[in-house]
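Enquirer: Residue numbers (the numbering used here), protein chains in the order written: chain A, 1 to 644; chain B, 1 to 272; chain C, 1 to 186.
These aren't lab readings, by the way, just hints derived from the structure by calculation. Any given hint could turn out to be false.
Unchecked claim - Covered by chain A, per the in silico footprint, the following chain C stretches (three or more residues, Cβ under 8 angstroms):
| id | stretch |
| --- | --- |
| 1 | 87 to 96 |
| 2 | 136 to 145 |
Said to hold, decoys possible - No more than 25 angstroms apart at the CA atoms, straight line, and that leaves these computed lysine to any residue pairs for SDA-like:
| id | chain 1 | residue 1 | chain 2 | residue 2 |
| --- | --- | --- | --- | --- |
| 3 | C | K178 | A | A67 |
| 4 | C | K127 | A | T596 |
| 5 | A | K115 | A | A67 |
| 6 | A | K47 | C | D62 |
| 7 | C | K127 | A | P611 |
| 8 | A | K541 | B | K204 |
| 9 | A | K347 | B | G24 |
| 10 | B | K204 | C | P82 |
| 11 | A | K27 | A | S76 |
A virtual CB, placed ideally from N, CA and C, is assigned to each residue, including glycine.
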Amino acid sequence: MTSSNGKPFGSVKNLLKRAEKILKERKKLKQEIRVCAGPGCIALGAKDIHKELCKQLDDHKKELEAAGLELNVTLSEKCTGCHGMCEAGPIVTIEPEGTFYTGVKPRDTKKIVEKTLLKDQLVDPLLYQLGHHRGGGKVKHYADIPFYSLQLRVALRKVGVVDPTNFDDFLAEGGFQAFAKAIAEMTPEDVIDQVEKSGLRGRGGAGFSTGRKWRSALRVKEDRVWLICNGDEGDPGAFMDRAIMEGDPYSVLEGMMIGAYALGATDAWIYVRHEYPLAVEHLQMAIDKLTNAGLLGENILGTGMTLNVRISRGGGAFVCGESSALMRSLEGKVGEPRAKYVRSVEKGLHDEPTVLNNVETFTCVPAIIDKGAEWFASMGREKSKGTKAFSLVGKVKHTGLIEVPMGRTLREIIFDIGGGIIDDRPFKAVQTGGPSGGCLPAGKLNLQVDFDTLADAGAMMGSGGMIVMDDHTCMVDVAKYFINFLIGESCGKCVPCREGLYQLYDLLNKITNGEGKPGDLETIETLCHTMEVASLCALGKSAPYPVTSTIKYFREEYEEHINDGVCRAGVCPKLIVYHINDDCNGCEVCRKHCPTNAITGEKKKLHVIDPDLCISCGICKSVCKFDTIDIMSGGKIVSRDVVA
Amino acid sequence: MSKTKTSKTVHLTIDGQNVEAPKGAMILDVTPGLGVEIPSLCAHPGLEPFGACRLCVVEIQKPGWDDWYKQLVTSCLFQVEEGLKVWTNSDEVRQNRKVVLDLLMARVPASDVIRDLGNQYGVTKTSYAEVDTEDTCIMCDICVRACHAIGRDAIASMSRGPDKYVDVPDKDACIGCLVCANLCPTNAIPFTANDNGKRRIWGKEFDLVTDERSGEVLGTTEYIEHVRKRAEDKGLLCPEDMKHESARVKRYGYAQKLSHVADVEEPIEEVK
Amino acid sequence: MTPSKKAGVGSPRSGAKTSKTKKKNGAGKNASKVILAATDEILAHYPLEEASLIMVLQELNDQLNWLPPKALERVAKKLNVPFGKVQGVATFYRAFSLKPKGKKTVKVCTGTACHVRGASMLVDELKRSLEVEPGEGISEDGNFSLETVNCVGACAMAPVAMIGDHYYASMTPGNIAKMLKKEKPE
Ligand SMILES: Cc1cc2nc3c(=O)[nH]c(=O)nc-3n(C[C@H](O)[C@H](O)[C@H](O)COP(=O)(O)O)c2cc1C
Ligand code: SF4
Ligand code: SF4
Ligand code: FES
Ligand code: FES
């Protein structure tokens, strides 16, 4: 904890010395146990596991020492950020062997200590099991799991590796080498050159060249330049930025510090989404630590550089991820976007020059400075360099956080890394780019993922949400879902977005309720066009994409809803009926649970659902242990599992 | 960019006409007198451009762009540039205005202003689901900006998205000047200007002050107090001025006065 | 969920919706003293300027669980921001509640991953069993409010519901009753 004996470092040399010393100490470390404390694992009880693990280590202190493992000195435990494979959580890894335990329960910690640490044996039931198509064997080390072996981690390089609350840990993993290099050996111009040469494009959505953005801000010479890190991450179904802020806050700050050095910025904000309290906590801890260590504040490392970083919690508005709305929000105002004729590099926050970048963008910067622009540019594709983090979720086997070089195909991401579709159902679509993105069908699985190919196909890179859908997902319902989300998030300033979304929802809702009319699709397309070209900000301009892309690739599904009143995925409540088939053994469970008493039947006799009373709530299907309840639409069985 | 840096005017074409315009002006601002008509609902010469109604869209092309490529922009928020070409009435422009008006007709079916505009663009009946309301507010924010300009900030927009509405949550802040109601493009703010010496707006009742000699209504007590105080604070308005201005609490006559009063606090861009 | 009450624009004209001079929200004299004390305490930590507004409201909302009109008035006065603007900000951002909440709030994730795994069925079932709308109202016994949130970062366990710090993973409409029973405050 006492990284600098409480005293500020005072110079670059001192910082590097300190890092060297920690590294030397770390060499003594024989083993390290890492408990994943990402949001997924915490939801599954990671905190209790850590508590129990500490207790077990304490209980076995003597034996461990006898085995040459002294607590804290040669054996340590820590909580890290998200390992990525959330679906297999809670996850515990042991270094340096790379032992990978999944689905760990508090009581398993005893076995881990007694078997793995003391006897060097693996705890078999906790090992990760490969899918059937890969032989179904057990994997000992995470390096051998396809989920990891196919990834390349740049932005996520330290997430899941370091203890986000420990500065020394960060130094030991090579932290602040890049900042030291920049401030001691490079001019601001050099830094911008490197960032520009690396080909880094903003990871927040639009994909604007970061180097160019910085250079244009450099031209506007004013007294004060604001630097803003956009951690609003409003895409519902994406959590990359969250994982970085929670799991590796120092890298975000290091990236911002390098940016501030290059731009001469003295004041910076990190705008963190309202729902991310842990990210705020970890970032604040890091800022306090850096301020005490003389790495933030005035006269940083004795170089005369000044940088103050503050955190602002967002107010809970997706539109505040948009840069001009975000700045209004930081000013204490309503988050309405501003027309683009004022450029924020000239007049941004408080009408002063402002540079705004995404969390992942900033996190890439130290890696670029450290390893060089050529290294970064060697990854990815011609116009999209480097790697990109995605949250791979939905109906895919291995949900979680991944990072791959640009240019990987959707198929590689979904089937090789993600392990394919749950229950090996047919793949139907993948949605990328969140509410501003689009849905791509199976025919596009060979698309190489980068900024431009996705945009050309009618989807978007966006911030990196990737939602996989199977044949039990209704595409009209998905489109309606995003429009409903956006209605709640539109700021309401301009007519096409505010009224357009409302009407779009109304039209889609009618279609999913079986009240669609021929001609509705044309009305929708006309409306979408105007929203796209005439809305004020990118929220409204991109809002129709989920609709236009699904109409483009799944038009027949819309037509089925409109013309035949059929939802082939068995999702739209008004178009489906629940039906109990002959396998029913009369266990009465469904009847007791039905909220509208729509089910009748005697014990041990076939039960029957009265379609007039049924409200399609799905409770009966979710409680039936014998899977005898079908969903029908248009007279055909289209059952879908209530829980995937 | 660099070539025009020194000159104060730029040259552009609007619907084929050559136009010279002051740098920094918005397209919409330079159209009066050219015989072209751009409809607009949320723009007002005395107020900062806002860009909410999207009715003023035009197509533009910058020098150097491919011949076929044009962009749709809002003329109230797009600055004139050297060599810019503007089309104010192309098919694409009309089509998008039509959809915007179609949407507004569904939103405020009771508004004759919107209905007339819609008719001009060939919308006689909305294609969308009509909202069941007598209200005619289109959320143009003019009243909010106007109230801010006169220094009261009584009106504010609440909530967001389709639920957005304007309101005066603090009745004490309203001085009954009627600026908001007079500027509202769709006459959405109900008021009674003078009912036996009383005025009503925003659910509040005011006493009117009358000039003893001429019998002219000067305004509400609160309004006169507000103008007096601002005049004192800034020393800009003499009592004669004040009386003169106050006497003009009349529909639409208020536009000039508004910018005049607003000048006291912050200069507002005048249109040339 | 659905923007059903769109007529918002017209009706509030009467001033009923957000009027400052509304009757007290069932809070006695003491309660209002507590509220003002809390407000002043929070205000003391911030520069008295408009830029502090959102942060002050956030802390207030964290502490009181909602933003009582009295507190908003005080904030407006102290930060020298027109009351209308304060009210505008308070109604714009999702993080703020202008109505008191139940003892516990059930949050259902309606992020995309949860949606494709059936989150809307959970919301429907909760609406039915608590007889409240998301973001509005308190269940009759005063125990629960309902809210929908977007992605709580536990997509792998979708669909997810949360009460306090506790996550309920892979929920089905069928086990909602059990969850509510378990979480019922004493
Ligand atoms: C409606 C909307 C929401 C956005 N949300 C985010 C967000 O959550 N996080 C983010 O980094 N960028 C978001 N953006 C993009 C930002 O406006 C901005 O382009 C980006 O943060 C710039 O950083 P970059 O160049 O590093 O990508 C959003 C844009 C829009 C229009
Ligand atoms: S497009 Fe939507 S979010 Fe953007 S300014 Fe218009 S109403 Fe607001
Ligand atoms: S009341 Fe009138 S001026 Fe005010 S926002 Fe509505 S339409 Fe515009
Ligand atoms: S006048 Fe330009 S958007 Fe309304
Ligand atoms: S979408 Fe529900 S946890 Fe992410």
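Enquirer: Against the structure shown, which of the earlier numbered hints fail to hold, in ascending order?
Expert: Hint check: 2, 3, 8 fail, others pass.
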